[in-house]
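Visitor: The primary structure of each chain is shown beneath.
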Amino acid sequence: MHSRSNAAPLALKLAAIGGLAFLHLPILLIFAYAFTTEEKSYQWPPPGFTTQWFGIAWNRPDVWEALSLSVKVGSIATVIALVLGTLCAAAVSRTKFFGREAISLLVILPIALPGIITGIALRSAFSLLDIPFSMWTIILGHATFCVVVVYNNAVARFRRTSGSLIEASYDLGADGFQTFRYVILPNIATALLAGGMLAFALSFDEVIVTTFTGGQQSTLPIWMLEELIRPRQRPVTNVVAMVVVLVTFLPILAAYYLTRDGDQIAGSGK
Amino acid sequence: MTAAVEFSNTSRHYGPVRAVDAVNLEVAEGEFFAMLGPSGSGKTTCLRLIAGFEQPTGGEIRIFGEPAGGVPPYKRNVNTVFQDYALFPHMSILDNVAYGLMVKGVDKATRLREAEAALELVKLPGYGSRRPGQLSGGQRQRVALARALVNKPRVLLLDEPLGALDLKLREQMQEELKTLQRSLGITFIFVTHDQGEALSMADRVAVFNQGRIVQAGTPEEIYKRPQSRFVADFVGSSNVIAPEAMARFGGEKRWASLRPEAIRIGAEGGVAAKVLVSNFLGSTTRLSLDADGVKLHAMVPAGLSVPQVGETVQLVWSASDLHYMDDAA
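Residue numbers (this note's numbering), protein chains in the order written: chain A, 1 to 270; chain B, 1001 to 1329.
Okay, chain B solo, but in the shape it has when bound (with noise of 0.2 Å):
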């Protein structure tokens, strides 16, 4: 089967910024896809080199197998929810969802059906007549993505689609999106540096760093098993413990990565570990370790007993637990 979206060895330079770097990438037809990495990754640029607001310095882009470079953006069967929404103040919102068709000279009575259909596709049937203006931020984001939507696109690009929420929100439309994504089988590829995010709503991760794709698998992949200290820094808040530290714990020589929560408060036998900090979280409590000068972290689960800041504790991890990293990078 074709791609929906294929790079190869593709490459945006900026003079000697190389935002994008060489990177291959495929991403499959109704697959939601995540690109994750801090700000400055090329994960936005990458958006913007499949959307068309970019073009590729080398390489190649192939979006279900026709190669994309020097297609415009609007001969491109690709649409894009906007970071800041991108309305258009001066429109109403039915008008603003029908542009799409508008441009595309389909006839009036059938565009405003259509659109006033996509207003209902994200829960906003009714809201046609107002303006962006009147709207609040999640509305403009429905919005955003009715309008992208009512042109039926094979894929769809959300630039930060959840940046501008507040949690309560944010939460909402991850699975709003989700169960989107589902129903309509269109490809979703999502641009994110929020790591939780990227984890819970997507079927594939990409992670970005420095312009290159670090590590790319399923959510489980890169959270169990990260290829390198970024990814393991990046994904989660891991313990990275350095090859030392490592031998002295009684492991292997090598770079390992351990998981917060796969820490456990011991009454012996473990390594032995003093408590800085104590962060209460709610249904966690975080804690700040100093084992033998390696600073860790550890999450003790509400219900279990907290010790005290300044208390030396033993900590045990399981041996499956630790995962070994090849590259040290």
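For reference, chain A alone in the conformation it holds in the complex (with noise of 0.2 Å):
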């Protein structure tokens, strides 16, 4: 009984590898394409391979700019995140007040939003405030969805853990502070993490509200598409995106095994 339900037929193990291979192979081609001898035009098959184009990545000062940009308003924006989620979810889920529910849905909203809305949204509330465009008016941006990434994480471990430990703390002696350092940010160390690194790359792949929120200088992605207009030097944006594919896929990895055992150790504390 067991076994025959758990064998698929082989029509459809055979679309599932399909599926996957159509949403994975053109990474692969990305991949390709980093080594790729030819300049000018993406041709299949490569007509020869190189790795010449590290080095000019390496040594192109523009490619150095984006990056630094890109890590610069991630890693701020993931601050901010932290900060203003982990407080949200503390308020959300610890206490009880007049609408609650209200500011729980509005500081998920930006995430459901198209990140068109929120650009356009925020383009113009900028230009009416007179705030000049900069790395920062793009970390502001990035922060909207940022937050909303951490307050999730952070409010689930919340739900999670018993409310009577902070009260146990606060019995044995220990004061505010004290309760938060031992045993508040140790319950949501890991989700805070995993938040973290889930709003890093959030941010560093982010083009729309950039796009909108940023004044002349460009994040990684959007050197990239400006990049694949201009037939010069085409896989150095190859090259590139390699490095985007391992800085953005890593910290989303490792969230993933954090938060697994996280509800590992939240669940044998019951």
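Hint data in this document are derived by calculation from the structure and do not stem from the laboratory. Quick caveat: nothing in here was measured; it's all calculated off a predicted structure. Built from N, CA and C at the ideal position, the CB exists for glycine as well. Among the clues, some could well be false.
Claimed, not checked - Simulated restraints on C-beta separations:
(1) 1072/B to 113/A: 41 to 47 Å
(2) 1136/B to 97/A: 34 to 40 Å
(3) 103/A to 1067/B: 33 to 39 Å
(4) 1134/B to 45/A: 55 to 61 Å
(5) 26/A to 1136/B: 52 to 58 Å
(6) 1134/B to 113/A: 42 to 48 Å
(7) 117/A to 1017/B: 24 to 30 Å
To be verified - Straight-line C-alpha distance at most 25 Å; calculated SDA-like pairs for lysine to any residue:
(8) 1075/B to 176/A
(9) 1108/B to 175/A
(10) 1108/B to 1083/B
(11) 1224/B to 1204/B
(12) 1108/B to 180/A
(13) 1152/B to 175/A
(14) 1104/B to 175/A
Using the supplied hints, reconstruct the complex from the two chains, each of which is provided in its own coordinate frame.
Guide: Laid out in structure tokens, this is it:
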């Protein structure tokens, strides 16, 4: 019975393999083109293989500018999100107050809204308030959706953490700061790390909101978009794309493993 | 002597809900005190008021004569054993027990030594390196006890301390808690909805109903002389007899309570009753009887002959076992 119900028909297997291949083979194509000798157009199969584009990418200052801007924006937006998201999650899950559900919804809304709406809204708000477009306006734009990711992770963890732990800490003589340091933070740390990593990854490859909130600077994804139009040293873009894939994929993978372990830790205490 | 804990006209209202309503209470130092009542009767709120998690909305609480109003939980020399134990899942057992000393700035060697001693006190020596998730419910409760006692509180609060344990463990812990309390001399205040637990462990019991204390006294007083129908009903499973029925049974026309074990099955000259249900409980058999429209329970000890269901028997009790209640409520 068991083995029969577990075995999928051959057609389903093929469909599944085909679907996965369709999703992931194009990414491998990107990797392959990073090594091609043809610089003006993407030709398949590549006429030859070379690693020269890595060296060229390494020496191009515009790559470094875009990369460092992206890292700065992502890091600062993540830090803002961690602080605000945690505070908000704590308020929503620990206390009861009028409008709690509404606040919860309003916090999550930016990620539900299309990026273009967020982008247009922020752009008009910034110009209305006479705020010049800079790295900081990009950071603010990114923070709107980064907060959501951190908030969602933190609120789930707060719900699983027994409220009596905090009371127990007070009861044993710890003040508010000590309770946060020794009880709350260790219990939500993996959730925050996971939320922070996801937030960073989201910020790192964001295009739409960045387009609307940025000035002259380009973050890495925007730089890539511009590069694709220019027929000059095209494989450099692919080299950078590989880096972006690695930089965003690894944190997401780590976040996945961290939250999975977190579930086990939280569950074992019950 | 100043009371360990004193409530004077203390209330805790949540809007229109009177969780604790004008309670007066004195717990003497070194006493093992039980707060007994059904859920929602205000007993746990009283405990939280003593711990400092709640502040009274009226009246006053004094702990060893000091007004406790506005004093946060971490500044009270009172510790709590929580119902779900609330052990910190990310810390080892030893760090859990040493937590109170750690946040007070006791140096590491001293606090680990004292934590180890506290674990020995609750018969868990050598368990320090484990995590709370690796212990059984009974062991976790002992850790919670050790974690509270290591701070040398003057009052220990226990919220349904035995609620989550199975029967055998519960009986064992009852004895251990009592022994521990005697040897340490600390005032223990515990909350329970189990009248058996309250009667067997406590020096004194306060019975709560709807935010008020309806009766306080020694277990024997509460059991033998309930002041109200509620107490008679809640503490044990007393027969509560209405005034009219009492008159028919040949007693005074007042509310009365009669313990099931005080009723004997006699041959003649008693109150005639028909056996409705017979439940064999091991050491006794519990009978439900219908005496002229009044439902009564009686306990027949093992060894005596048990009447059949449907049989009509004569019920006899001595007048001294009959307890008349002033308050009908």
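Visitor: Compare the structure with each hint and give your call.
Guide: Hints, one by one, checked against the model:
no.: 1; hint: 1072/B to 113/A: 41 to 47 Å; in the structure: holds (42 Å)
no.: 2; hint: 1136/B to 97/A: 34 to 40 Å; in the structure: holds (39 Å)
no.: 3; hint: 103/A to 1067/B: 33 to 39 Å; in the structure: holds (37 Å)
no.: 4; hint: 1134/B to 45/A: 55 to 61 Å; in the structure: holds (58 Å)
no.: 5; hint: 26/A to 1136/B: 52 to 58 Å; in the structure: holds (54 Å)
no.: 6; hint: 1134/B to 113/A: 42 to 48 Å; in the structure: holds (46 Å)
no.: 7; hint: 117/A to 1017/B: 24 to 30 Å; in the structure: violated (44 Å)
no.: 8; hint: 1075/B to 176/A; in the structure: holds (12 Å)
no.: 9; hint: 1108/B to 175/A; in the structure: holds (19 Å)
no.: 10; hint: 1108/B to 1083/B; in the structure: violated (29 Å)
no.: 11; hint: 1224/B to 1204/B; in the structure: holds (14 Å)
no.: 12; hint: 1108/B to 180/A; in the structure: holds (21 Å)
no.: 13; hint: 1152/B to 175/A; in the structure: holds (18 Å)
no.: 14; hint: 1104/B to 175/A; in the structure: holds (10 Å)
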